[in-house]
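Undergrad: Chain by chain, the residues:
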Amino acid sequence: MNDPDAELMLTFCRGQEDAFVELYRRYRDRIVAFCRRIVGTDAQAEEAAQDVFIKLYRARDGYTQRSRFSTFIYRIAANHCLNLQARVEHKVVARGVDVDARPAPNASQHAPAPLAALEQGELREQLSRALATLPDRQRTALVLVHYEGLSYEEAAEAIDVTESALKSLIHRARGAMMEELKPFMQGDLGASKGARNAM
Amino acid sequence: MRCDDAQSELLAGRAPDTSAALAAHVRECASCQALAGEHSALNAVLALDEPHAPGPGFDTRFFARLDGERSAAKKKRALFSVRMWLWALVPAAAGVALLVSRPGSRGNDAATPPEAAAPAALIEAVAEPEDLALLEDLELIQDLEVVQQLEQLEDLDLLEGIDGAEIERLAAEVTP
Chain W
0 MNDPDAELML TFCRGQEDAF VELYRRYRDR IVAFCRRIVG TDAQAEEAAQ
50 DVFIKLYRAR DGYTQRSRFS TFIYRIAANH CLNLQARVEH KVVARGVDVD
100 ARPAPNASQH APAPLAALEQ GELREQLSRA LATLPDRQRT ALVLVHYEGL
150 SYEEAAEAID VTESALKSLI HRARGAMMEE LKPFMQGDLG ASKGARNAM
Chain Z
0 MRCDDAQSEL LAGRAPDTSA ALAAHVRECA SCQALAGEHS ALNAVLALDE
50 PHAPGPGFDT RFFARLDGER SAAKKKRALF SVRMWLWALV PAAAGVALLV
100 SRPGSRGNDA ATPPEAAAPA ALIEAVAEPE DLALLEDLEL IQDLEVVQQL
150 EQLEDLDLLE GIDGAEIERL AAEVTP
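From first to last, the protein sequence lines stand for chains W and Z. Yeah, the first sequence ends on 198 if you go by numbering that gives the first Met the number 0, and it's all consecutive. Yeah, the second sequence ends on 175 if you go by numbering that gives the first Met the number 0, and it's all consecutive.
There could be a bad hint or two in this list.
[Said to hold, decoys possible] A short, non-exhaustive set of chain Z residues, derived as facing chain W with CB atoms under 7 Å:
#1 A11
#2 E68
#3 S70
#4 L137
#5 L139
[What the hints assert, rightly or not] PhoX-like, lysine-lysine: derived pairs with alpha carbons at most 25 Å apart:
#6 Z:K73 x W:K181
#7 Z:K74 x W:K181
#8 Z:K74 x W:K54
By construction, these hints were calculated from the structure, which means they are not laboratory data. Values in this document were obtained by computation on a predicted structure and should not be read as measured data. Yeah, the Cβ is synthetic: ideal placement off N, Cα and C, and Gly gets one too.
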C-alpha cells in the first residue's frame, strides 16, 4: 500500500522525531476540526486534539501498518472523543442533571447573531445545533464520512463497526439532520428545483 | 441497480455522480431522483459548517506537552532497564547464596553456620560501587511507586467513586 503518511510514521518509529513533527503538521488542522465537531467547546476540542497527537507519539513502539495512516489517526481521535463524551454524560447523569437539558455540545458559543446577519449565518447556526443533537456515534460516523472524506470502509474501521452498521448510523444521522433542517432544506430545494426548471 | 440498493446508497449520503450505476438508475427512476435531490440539498447545507481552526498558541502548548512526554519516556526507559537489571541479578544472587551456604565451601570459615554465612556473602556480593548505585535505583523505583499511589489518592474521580460507608469501614479497621 503506497501511503506516504504511513511511511512517515514508520520513519518516526525508527527514531526520527522530525517525521512525527511532519505528521503533526499535516494532520493538525484536520484533527482539531474533527474534535471540534464531536466534543463540547473550542478549548475542550483543542485539548482533545493535543491528546490525540500525544497518543500518536506513544504509539510508536507498537505501530504496524495495517491500514491507511489516516484511518489509524482518526481511529485514535474517534475513540478519544467518544470516551470524553461518555465521561461527560456519565458525570452529568451522576449529578442528576438531564442529559438532554445541558447545552448542546457543538452549539456555537458566540453571542446571538446580529440583526444584519445573513440567512446563511442562521442556517449555519441551525446546522451546528442539529449536528450537536445527534447521538455521539451517529455524529462521529457522519463527520468522518462527510467532513473528513473517509470511505465507508475506513470510517467503519475507525469507529470499530461493520460497514453496514456504519451505513445505518449515517442513514439515521442524515434522517435526523433532514428533519432538523427541514425549513431551510425546503427553501434550498425550492431554489435548486427552480434553477433546474429554468434550465 | 434496483431501487432498494440505490436508496440505501443515497440514504447513506453517497452522491449519484460517485457511481455510474447509481447515476444511471437515478436518471431513470423518479422516486430515487427525488430522494437524490433531497440528499444533495442536505449535502449543500452540511457544507456550510466551517471547520474550527486551532487557536493562537496551540503549537506552543502542544510542543511544551511533547517535551514533557519525551522526558517522561526517557525516564520510563531508564527505569525499565534498571528493572531488567534487577531481574537478571536474582538468579545470580541465588547462585552465590547457594555456593556460600554449602558447608566447607569457605575454607577457614567452615565453622560458620550456613544461615549466617549467606547474608554476609550477599552483602559482600553487592558491596561494589556499581551495585550500590543499583540499590539507589531500586530505592528510586520504590519512591516513584509511593508517589504514584499518592497521586491516585488525589485523583478526585477515583475519590468520587468511593462509597462513604466503605471509608468508614476502612477507618474502623485501621483504628485500634
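Undergrad: Taking only the CA atoms, is the gap from Z:K74 to W:K181 under or equal to 25 Å?
TA: violated, 57 Å
Undergrad: Does Z:K73 pair with W:K181 here, judged by a C-alpha cut-off of 25 Å?
TA: violated, 56 Å
Undergrad: May I ask you to test the interface hint for Z:L139 with respect to chain W, counting a Cβ-Cβ separation under 7 Å as satisfied?
TA: violated, 23 Å
Undergrad: Is the hinted pair Z:K74 and W:K54 satisfied, with a Cα-Cα distance of at most 25 Å?
TA: Between Z:K74 and W:K54 the Cα gap is close to 18 Å, so the pair holds against 25 Å.
Undergrad: When the nearest CB of chain W is found for Z:A11, is that gap smaller than 7 Å?
TA: holds, 4 Å
Undergrad: With chain W as the partner, please determine if Z:E68 meets the hint condition of a C-beta pair closer than 7 Å.
TA: holds, 6 Å
Undergrad: Take the shortest C-beta to C-beta distance between Z:L137 and chain W; is it under 7 Å?
TA: violated, 25 Å
Undergrad: With 7 Å as the cut and Cβ atoms as the points, is Z:S70 at the interface with chain W?
TA: violated, 13 Å
This entry does not satisfy hints 3, 4, 5, 6, 7, going by the numbered hints stated previously.
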